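Could you slot chain B onto chain A? The hints should help.
Sequence lines, in order, name chains A and B.
The first sequence runs 10 to 305 under the numbering used here.
The second sequence runs 164 to 1021 under the numbering used here.
Treat the hints with caution; some may be incorrect.
[Said to hold, decoys possible] Listed below are several chain B residues computed to face chain A (Cβ distance under 8 Å; list not exhaustive):
| no. | residue |
| --- | --- |
| 1 | G286 |
| 2 | G305 |
| 3 | Q308 |
| 4 | L469 |
| 5 | E986 |
[What the hints assert, rightly or not] Simulated restraints, written as ranges between beta carbons of each label pair:
| no. | chain 1 | residue 1 | chain 2 | residue 2 | range |
| --- | --- | --- | --- | --- | --- |
| 6 | A | V17 | B | H497 | 54 to 60 Å |
| 7 | A | E147 | B | D619 | 19 to 25 Å |
| 8 | B | R925 | A | G67 | 25 to 31 Å |
| 9 | A | E94 | B | H497 | 32 to 38 Å |
| 10 | A | A139 | B | R779 | 54 to 60 Å |
| 11 | B | E972 | A | I222 | 58 to 64 Å |
| 12 | A | V258 | B | K438 | 38 to 44 Å |
| 13 | B | R779 | A | A85 | 56 to 62 Å |
| 14 | B | K438 | A | I99 | 56 to 62 Å |
| 15 | A | A85 | B | S757 | 43 to 49 Å |
| 16 | A | A23 | B | S733 | 42 to 48 Å |
| 17 | B | G286 | A | E147 | 29 to 35 Å |
| 18 | B | L942 | A | S24 | 36 to 42 Å |
| 19 | A | A139 | B | D619 | 34 to 40 Å |
[Stated by the list, open to error] Rough simulated footprint, nothing fancy, chain A against chain B, three-plus residues with beta-carbon under 8 Å:
| no. | region |
| --- | --- |
| 20 | 416 to 429 |
| 21 | 480 to 491 |
The hints are simulated quantities; they were obtained by calculation from the structure and are not laboratory data.
Just so you know, these numbers come straight off a predicted model, no measurement behind them.
Ideal Cβ positions, reconstructed from N, Cα and C, are used throughout, including at glycine.
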Amino acid sequence: MLYEVRHVTTYRYASPAAFSQHLLRLTPRDTDCQRVLESRIEITPRAEPLAAQRDLFGNAEHVATVARAHDTLRIAAISKVERQEPSQFIFEAGAPWERVRDQVIGAGNLPPVAEVAPYLYPSAMTGSNAAIRAYAAESLTPGRPLLAAAADLCTRIYTDFEYQPGATAADTHPRESFQTRQGVCQDFAHVMLACMRSLRLPARYVSGYLRTIPPEGQERLQGADASHAWVSVWDPVFSWVDFDPTNDVVPGLDHITLAWGRDFRDVSPVSGLVVGGGPQALSVGVDVLPLTAVPA
Amino acid sequence: MAGSGVLNGREERLLPRPTPGVHQEAIGPDGAVRGHWRGFLDWLGELGTERRAAMARDLERSRAESGIAFSAREQADTAADPLPVILSAADWAEVEAGVIQRARLAEATLADIYGPSRMIRDGALPPGLVYGADAFAAHCAGWPQPPARYTYVYEADIARTAEGAWVCLADRLDTPLGDGWLIANRIATSQCLAQPFLDLGVRRVASHYARFQELLDSLTGWEGRLALLTRGEGDPRFFSHAYLARYLNAALVEPGDVTVREGAAFVKTLDGLKKIDVMLRGAPDKGVDALHRQADALPGAPALSLAARAGNLVMGNAIGCSVMAHRAMAPFAHVLAERLLSEDLRLHDAPCLWMGDPAARETVLADRSRWAIDPLNRRATAGDRAALADEENLAEAFRRKPERYIALRIPRLAETPVLRGGRVAAAPWIMRVFACWTGEGWSVAPSGVAAEIAQDTDPTTGGGGRVPALGFGKDVWVMADREDLPSMPSHSLLADRLATGHLRRTGRDLLSRVADEVFWMGRNAERAEGTLRVLDVCMRRYLSGNRTDAGPDLLVDIISSRAADRADLSPAQRFRDAVSRLVNDPVEPFGMPSILSALSAGAVRARLSISEEGWRYIERLSNDPRWGEGLSLRRSADLMRLVEDSLRNLAAFSGAAQDNLTRNFAWRFLEMGRRIERGIEVARIARRLAGEEEEDEESRLRAWLTLSDSTAAYRNRYMMVPRAAAVLDLLVLDEANPRALAYQLVQLEAVLAQLPREGPYRRAEHRLALSLLTELRMLDADALADTSETGTRTILARLMRRCERDLAEIADRISNSYFAHAEAPVALRHAGRTGAEVPGEAAADDEDDGTGSAGEAD
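So here's chain A without its partners, still in its complex pose:
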């Protein structure tokens, strides 16, 4: 599948802002089953030249600075991405979770894996509590292969939680969404990560996009697509395997990967600071446009 993704963020300020600075993680990354053909970021009004750098997790991040008075700021990221079907795994063939854990935390006989080490420990938004740990224990039964347990957890979150936009906010902690059993993809990903990390198992937060297919006979609405989030779990043999607890699927052709990190904060697509400006209004629109015909 070939996609064009347009991700537009607009800030409107009540009075002109004198200065603003933004951290952008809006450039999709290349993966085993995804190739980025082109990607650009447009900022209005014109910003100082973008500073581009790569973070610890390998994501491309840009810093944009607007040092002149402005009352509106528009950040548009436009990318062309080719996405392929991921390989199929037999989850039951993976290593038992206890063995994976011992290896990654450096307690086993195998050398620790530095690449997964950042994703083992609870971060600011993936802390757990007793209730979350009890929930995790139901899937992570003794000796169970890690990937099989993760697939089970993914299905349970999909079944037990209600998708409810507006019930949570961008900084809602999984403790809270776990208690209400409500939220959106970000919350489901955080809950699953909290479960995995409470046992020091390697799992990361993936931010990306999901193509939505409109109901039969209806036009696709502009900006109706969404930025999306899911989880990736590491196995010593299969490496990273994606799980989408919002849809109970292993992400495939409809998922486009943007960035990954320990939790939402590491990959928040647009964040920043502003001097002046007074009250702000924020709007975000995402379009995932298939450039090749949708298979029937």
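Relative to chain A, chain B alone:
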């Protein structure tokens, strides 16, 4: 005779009997006074009990004085023990070599953690210690071009065990910069104990700092700028930051003073943005990255790591160093020294166990009372701490998140002489030592700040205790080797440093934030005076009982120039109500409570830019407890006295500002604030008391003259009852009367003319002031006093309204020209998956562990 091993009679009385089996700094194992203590103890013995107590008081006063000069806070520890700890050259050589090695080890470990992470790959360092720690700065890891160095300053808490071995209690890497205490302490001690200090040939610290200064100079270059970043007055280390900044010629800046543009850091000054080349970081690394660590960023903080990453800012120490400051690294120090330095660790750590090791967990749980548990992350709540006191909870926490805990034990420590009410006793002690990078290697200041530590003295289990926070303390005297003597610098560099530091401070680099504060101090001081004078005049008239002067309508007319008028009440009630609100109501805009709190807060923030004396008067005024007593007309005598005392303090503040502030930028902004506010007040009163020709005009004009403190001037000049034209001449047009409107404009214009401007033309605010002044100069008093048929003084009223409006406009324009970029940035909302907005920070969750204290950050 040093080798005789015999105590003379005086020393026997002086020193207490040594605790058996505990190393004594002053007494050798043979019971004799150690050679390097002999001279000092001889001197101390000769002093006698009373003079020893007096010496302690002297030293305390001397410390308090240097504390006051740099920080508004009381320095709680100025009463620290006066006796120095004396170390032999051999002792010091061991400490110095150990500290240098630990500093090198810290640098090598940080470079590995944020670089290739070889120690984690090799299994030498458990990943949980790094990636499980909040202190790990993920955004500073894996840079293609890492900083040239991570560490430029290093401090360590060092102690000697009862057996006599040196151990390290803590590595201080995140926000060290405690050197200010070392230097100030040394100056105070060397003055109060001058004779033994000079006689014994104690090693000096000046050459150590001279080497650091050379390095900083070479890093900044000729044109470059050195800054010391502090969290500000509220930080317990502020004293040291302010002191060290002056000592090293660094600009003392707060997070909100700095901005990052195009990959470089700039300080916001009156003259615009100025690049910072080297920054000594006294604010915790978690708080200085507004983009990458938004949730933890200090108010107004910029995104400092961007400038460091772009290679345009040298930071000492680098962001991310706090990961190394935690004791959890201690159990691995040996391995890291072997792997990274190929050396054996010289200076060992006090017992410290990492709970990720199952055997260590057993050890601690089996003997819980002897260990202090320290969590890796310090977000713990009181509830978490209580939970950890419970054995079962602890075992469960260790099992569930073992990498997050360490157990520490301070062993029984050696004892050193201390003074107790003039008599000498012995107490366990520790010291903070200070090292800095010099470009070629590490240099350790041959001294330290030592402190007593309270310990359990049970001979079998003894030890423990808490490391006290750094402050003033016992000075540490290091004896010179005989060979060292000739090369020692003969005098301290401090005098030169302080002098040049002051020169720079008075230059153009006045921080925009400070200019803003000082400007508002000027305005608020004037506002306070305005309100006090109105209260004063009204109260006098009220108490006089004079029918005309104390008429309720007239009183209301005067007082409502300061307080909102409540038209629904009778005039007498209106007056009472207004007095009470001006004195007591915290939301009355020109009421004393709000003015005084603004004035006092501004004085604290602009502390280093106003004179010491001036600051005292503001403190005395705003801390006067009588302002909180709810005084009103009912207790008019008390209220009158309070008003008079307050006016005196304000006058003293103005005098101190005039006399003691050099005519630098700070003074100019104070002056502008004052002139603008007074100008607005004169215009407002003029309109109110002379805007119309009224029956009681004579009484009104007298009120105005009193308000303006110009009654005597009027009498001298005219020797007659007040007449409108004469009063208007004196209070509006007279450029020589400091209370007249024209005088305010003349002064304001003069100061505006001296401020930096961008092009060849006068700034808008300057032109506005010129135009006002010119209009005033074109008028004469008779024109001002002229009335229309209805009795209105049209020209006066129009001009006064224009003055009020234009002066406010000038104030706004000054703000926009000079302070606008000092405004602090705020976080932008960001969109989650649904575009929902981000609320405040979430509360701590139960992954946050245990026993952490909110003490020193590193």
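Quick rundown of the hints versus the structure:
no.	hint	result
1	G286	6 Å, holds
2	G305	5 Å, holds
3	Q308	10 Å, violated
4	L469	6 Å, holds
5	E986	5 Å, holds
6	A:V17 <-> B:H497: 54 to 60 Å	55 Å, holds
7	A:E147 <-> B:D619: 19 to 25 Å	47 Å, violated
8	B:R925 <-> A:G67: 25 to 31 Å	55 Å, violated
9	A:E94 <-> B:H497: 32 to 38 Å	51 Å, violated
10	A:A139 <-> B:R779: 54 to 60 Å	56 Å, holds
11	B:E972 <-> A:I222: 58 to 64 Å	60 Å, holds
12	A:V258 <-> B:K438: 38 to 44 Å	52 Å, violated
13	B:R779 <-> A:A85: 56 to 62 Å	58 Å, holds
14	B:K438 <-> A:I99: 56 to 62 Å	59 Å, holds
15	A:A85 <-> B:S757: 43 to 49 Å	47 Å, holds
16	A:A23 <-> B:S733: 42 to 48 Å	43 Å, holds
17	B:G286 <-> A:E147: 29 to 35 Å	33 Å, holds
18	B:L942 <-> A:S24: 36 to 42 Å	38 Å, holds
19	A:A139 <-> B:D619: 34 to 40 Å	36 Å, holds
20	416 to 429	holds (count 5)
21	480 to 491	violated (count 0)
Going through the hint list in order, the structure does not satisfy hints 3, 7, 8, 9, 12, 21.
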